[in-house]
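A.B. asks: Add chain B to chain A, keeping to what the hints say.
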Amino acid sequence: MDTLRFYQEYWWFLVSLLGALLAFMLFVQGGQSLLYSIGKTESRLDMLLRSLSKKWELTFTTLVTFGGAFFASFPLFYSTSFGGAYWVWMLILFSFVVQAVSYEYISKKGNLLGRNSYRAFLFANGLLGPLLLGAAISTLFTGAEFVVNKENLTETVAFAPIISTWKNPWHGLEALANFWNCAFGIAVFFLARSLACLYFINNIADDEIRADSRRFLCLNAAGFLLFFLPWLVFLLLKSGFAANAADVIVSEEYKYLNNFIALPWTAALLLIGVVLVLTGFATTLFKPNFTKGIWFSGPGTVFAVLAILLAAGLNNTAYYPSTVDMKSSLTLANSSSSLFTLKTMSVVSLFIPFVLAYISYVWRKLDKEKISRESPR
Amino acid sequence: MTDFVLLDWSRAQFALTAIYHWLFVPLTLGLGVIMSIMETLYVKTNDPKWRRTTRFWMKIFGINFAIGVATGIILEFEFGTNWSNYSWFVGDIFGAPLAIEGIFAFFMEATFIAVMFFGWDKVSKRFHLASTWLTTAGATLSALWILVANAWMQHPVGMEFNPSTVRNEMVDFFSIVFSPVAVNKFLHTVFSSWMLAAAVVTGISSWYLLKKRETTFALDSIKIAAIMGLAGLALTLFTGDKSAFHVASSQPMKLAAMESLYNGQKSAGLTAIGIVNYEKKHNDNSPPMSWEITIPKILSLLASHDLDGFVPGICDIINGGYQTKDGVELSVSEKIRRGKLALAALADYRKAAGANDTAAMQESRTRLDTHFKYFGYGYFNTPDEVVPNVPLIFYSFRIMVILGLYFIGFFIVTLVCIFKKNFHEKRGMHWIAIFSVPAAYIASQAGWIVAEVGRQPWAIQDILPVNAAVSAIPSSSVKITFFIFLTLFSVLLLAELRILSKQIQLGPEPEETGAEK
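If you're matching them up, the sequences are chains A and B in order.
Positions 0 to 376 (numbering that gives the first Met the number 0) are the ones given, in order, by the first sequence.
Positions 0 to 516 (numbering that gives the first Met the number 0) are the ones given, in order, by the second sequence.
Chain A on its own, in the form it takes in the complex:
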């Protein structure tokens, strides 16, 4: 394997890992979407908010770092997708902006909009965040309508010399008209809610909340499976684009299934992930006193999403297919940063285990004492 390719794949792995960690951390959004359902009384709502408020920033930071890592390692994706699918990314951003202030403002006197508005903001982020992020990520498989032409940069007489152009007027909203993008978005939404139920069961020592969380877990886990499994079958059966030996983009039948076969460790990762997710759900549902389901389904989510994202880019796959101009499709090879930049950032990436270690340490320290009606604010 040549050096550049190694670093491209290494950075695809890191970007995928950040995406997988983000999928897990979306339990915060899932929890927000349950504020009206589980937080029926003021004291219950207060406990849910106290529980989520310690974690929202990690989710937010993971999203920002996911974006930053994508920008740094695959800038052509950043320029093409963000500059083209403008509206879908803007909607995601709006929902995260209102979330960022809500935890701090909701309980403060003089918050101008009233407690219920911030609660509605959190709900909106809980609903739109996972749904839209899921739909946007699904376009890595279903594709988008864009053209990349680097020659445009030498153009000085036409409209601004823009390399990446979007070929429909909807600028990203069209992704929501695709059934499979929506199915994946809905699956991510239900997964986030299921993980949130598991998190509440683990983090809040309150019988009513735990009972309600189990009830909602049952419904949301069923919703997740109802949308995720057909999407997974769709993924395994669909064709995809790939770069051939001459670096020309061609269509390939069963591309993603082939990827899992060609890279069996990713298939194993997906299988282990799905089993862990289901184990977390099942043990929590069938063992009434079991509270550690999040520690099965959480890592399971990370493994499964990591495997899916790896399958999107490895094995010469076009991880962002253009449905209007096949040759514009983005692969790791044609969209990455230079070898020097990837190498430089790889040195920095060696600190990631250290970062993960201190996050785990602090998480354990803060969560040692479970949240209850009596625990200090």
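Keep in mind that the hints were calculated from the coordinates and are not lab data.
If you're wondering where the values come from, they're calculated on a predicted model, not measured in any experiment.
Here a beta-carbon is modelled for each residue, glycine too, at the ideal position from N, C-alpha and C.
Reference listing, derived: stretches of chain A covered by chain B, where coverage requires no fewer than 3 residues with Cβ under 8 Å from a Cβ of chain B:
1) 99–107
2) 336–346
Derived DSBU-like pairs (lysine-lysine); straight-line CA-CA distance at most 30 Å:
3) B:420 to B:501
4) A:367 to B:121
5) B:501 to A:39
C.D. replies: This is chain B only, laid out in the frame that chain A set:
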């Protein structure tokens, strides 16, 4: 032909987001240090008054921090959504600091801020103190990386253009990180943020003194803030001098605009105050200033560290012909011509590469390398396109400097009164301190207007103008998002101000709650 409507709205949206973001960041940077010092005093002395003081300022920090985070995420993603060409053309260089910022700084901040807010009495005092300092360090590190990226836009170094990928690629990471412009910009920004936070702490504390409430708390807070504010200002002044020197060498047009200097001079004087002639064009004979007071030779001293040094004006830069350390400067018309040659050479190179014609690739590459220095000028058509908004930059610079000097006096007087132990009696000073809070914000924003408007029309100085950096989206979409952001940020700002005002009225926690347990 550029779509100027799209370009202007894209610029307006980015400016709006940056201005709002910068309302909150400096207070985070400065207040972080102030409250960390206060908590250190608490841990060292075990005196519960410091715990109470720390917890109050931490509350203010939290309210301000949340909205800073909210506006920050937009800025990161707007590089992609609104400046897609930019993202590809320099993403290889610009993306790296953003990724490093995420890995090193944001996670540190996000993790330890939770301990800082929720860890009182749950973790040991020392671990809590370490978390507070780490949150402050995370915020400062975050500033470091984004300012490294920004400094690179002002003074691009450590990269080479690759015609095969049609972008600039990083070749020397350390020359980017340790570029004198980057180091200086980071220090100037952080130290000026200490000043702003010091002004806010002094202003709020003075309100308590006016109301004859929380006197000990207020005087303790003012003492720490004023020392830090004065130290921050001294360092801001020092790094400001370095900034002027760097601007003179790498962005002479920005310096000329800061001074509304159209005709270059030896032994140039610095305009202390003046009124700009708004009608002035570079190619007419009208005076650039309607009225001014000038300090002789000081501009030459700042720009070249030589009282008799030559400082080029806007007309000199446009017409060329003056001596620089690299030789005789070309006119902008000639730079535009050479820039277009570079663009044509790049087009030829791409064609030759497509046809696998090695000889033609080599020939066009040589032409490209010869003219690449002026690549970005190829996107202009007339020389006057390189002139930024002179009055805005001129006045912003003066506002920043005059307010900076005012704050030196303000903090000196405050400290003298504090050490004479009569500050609590000086009601006039209390009012001045309260009215100084908006002045600190105005100075801080003015500084960024000088830096960013002064860089126009470049996204990256001499490499990529903003009209070649923008995304291909309908201007109507950008207009809509601009007004959504404007409404959203304004409502959130009003909410923040109202919450802050309520928290200030409530004051620090009662003694019993804040006391040592």
